[in-house]
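First to last, the protein sequences are chains A and B.
Numbering of the first sequence is given in this note's numbering, commencing with residue 1 and proceeding in unit increments.
Numbering of the second sequence is given in this note's numbering, commencing with residue 1 and proceeding in unit increments.
Hint data in this document are derived by calculation from the structure and do not stem from the laboratory.
Any given hint could turn out to be false.
Calculated lysine to aspartate or glutamate pairs in the EDC-like style (CA-CA distance at most 16 Å, straight line) [to be verified]:
no., chain 1, residue 1, chain 2, residue 2
1, A, K404, B, E177
2, A, K5, A, E108
3, A, K6, A, E32
4, A, K9, A, D40
5, B, K131, A, E159
6, A, K394, B, D173
7, A, K88, A, E78
8, A, K80, A, D95
9, A, K356, B, E177
10, A, K356, B, E178
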Amino acid sequence: MNKSKKPLKVALHAMDDRSSKLMKMYLQGPCEGIAVVANDRDAECDIFDADSANAKKLIDARLAMNTHRPIIALSLQERKEETIFYIKKPVKIDDMLAALDKAKSIVEAQTSAVAKPEKKVPEQPLPASVETKKPVPLPQLQATPTPQAQKKTNLDTDEQKKTSKHQAAMQLNEKSFGAFIGNVPGIDVNDPQQFAKANYNPKDYFQGYVESAFKVCEAKGQIRQLNVGWNPLIMFPHSHEIWFDVDDKQLRAFAGLALSNNRDIKISITPLDPNSSTLVRALDKFHAIDAFVWKLACWASKGRYPAALDINSPVYLKRWPNFTRLLVTPHAMRIAALLVQGPRTMSNVAQALNIKPQYVFVFISAAYALGLVGQAKRKADALVLPPEIQPNKKQGLLSRIIQKLRGN
Amino acid sequence: MSQYKIIFTGPVGAGKTTAISSISDVPPIKTDAAATDMTKSRKASTTVAMDYGIMNLAGGEKLHLYGTPGQERFDFMWDILTTGGIGLILLLDNTRADPFQDMRFFLETFDKFIANTSVAIGVTQMDLSKKPTIDDYHIQLQGTGLKAPIFAVDARVKSDVSLLIQALLYSLDPGIEE
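Whenever a hint applies, use it, and build me the whole structure from the sequences.
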């Protein structure tokens, strides 16, 4: 086996997307990275699927180019040819490793021949009259597209750096929930007698201002800045993002303040020039608007439900929230699973799941902020009591799996 | 002792191996399988792998995690794999040319299994390709009559995979207590 650790760059030809991806993984995995897939121009070796319809034509074209690049061909037939390393399908790891090793030896021999000329000629400036020969670009083979070609070409490298957007969600447990979410003095949101007043109006809170400002941005198609007498919050309607440099502790405190009652805080919105240098910002401070508003709603609600919803009418969930990118409050997934099945009143959800109503209210507030909750209008939805949850036959097992996943 | 299993499926490269690795208590085992497929456009195959991991549960029980080979020509194995399964995790690669087609294909292929159990869908590589969005997937799903959870997932991140499986289990029974 060749001792060089530098992987051999191989180009794949006459393979469809699936086969190319598989080959890429095969080289990375079972072949332990001895070779990596590269584009045709950078490759040191070519691998063909010799059984594809146009393989012969492509191999002949490659040979005609006289590139001296080793060729490996995968074939159902046992074949031998001086210029090509044939590997019989299904490909065995040992056969592939042996072929790649031979190819690598050829490439290294060629490289060292170029790097170490027998006689070292002192460098001289080229005379002006001598024409330098431009490298002739290799004609592109008309092969089946490589995985890169089959994949989308508009991959966004900046998007990867927006780490806040792609972070895993934080899961809260019941113990830490109370302190995290806060409470409203004078109201016990878990007391059914007080349900009627256990609501809040998002418009009174930072949540409402952000929602409203973002709607304006979307309607105008403009990047705008929300000024809250604090750090600027910049809104990007086309990408559904905001930029905000503030930590969660500060934000939580601010989100819980009723701004409508506070005359000291002045909020305004100003348009920004898309070409302005002020828009060049740290990528890790970008947030998805949905995740941001969801969080604001949790903190503004403090365990209450949105005033626009009737506590006595059933609500339903239009679809599952994207929980991996959202703050996951206690029992949120259970509530979601129940409410996608059909409408129920919020108090019925709490009863059916045997949980405190505040968990239902917080979830409903956050989901409502994203437009995921609707209030059932049909009389039939409120006519009969929703069915009780039918326990799964494997409930004990499912519970043990959940405990394991949550690390309990 | 009964054999319990969760099935991970999806196209090649969607992150099944990585997802199983993220939550398995033992290093995943790969079972190499060689196959040829001369009937379809004379396309031959190379070695493929079926992934397998284990989660050790309280009381000594084990949950087996199986990843289906991504290739359609192995669909004969899919029935065997799903027999007795608790539910299906479908992983889709958002950088593929037509991930909706992948979604339809796998949902149709496993429709009987899903009807008897449940499915949760994870969309990987969203940090490389923002579109289609999760909303777009839900719109596509509407025609199927399924109301499955669809999450953006980084298969390398344990909590992402964990939440996806939790959603699958709560879909089966919202009454499971936390």
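Hints, one by one, checked against the model:
| no. | hint | verdict |
| --- | --- | --- |
| 1 | A/K404 x B/E177 | 13 Å, holds |
| 2 | A/K5 x A/E108 | 12 Å, holds |
| 3 | A/K6 x A/E32 | 12 Å, holds |
| 4 | A/K9 x A/D40 | 9 Å, holds |
| 5 | B/K131 x A/E159 | 11 Å, holds |
| 6 | A/K394 x B/D173 | 9 Å, holds |
| 7 | A/K88 x A/E78 | 6 Å, holds |
| 8 | A/K80 x A/D95 | 14 Å, holds |
| 9 | A/K356 x B/E177 | 13 Å, holds |
| 10 | A/K356 x B/E178 | 13 Å, holds |
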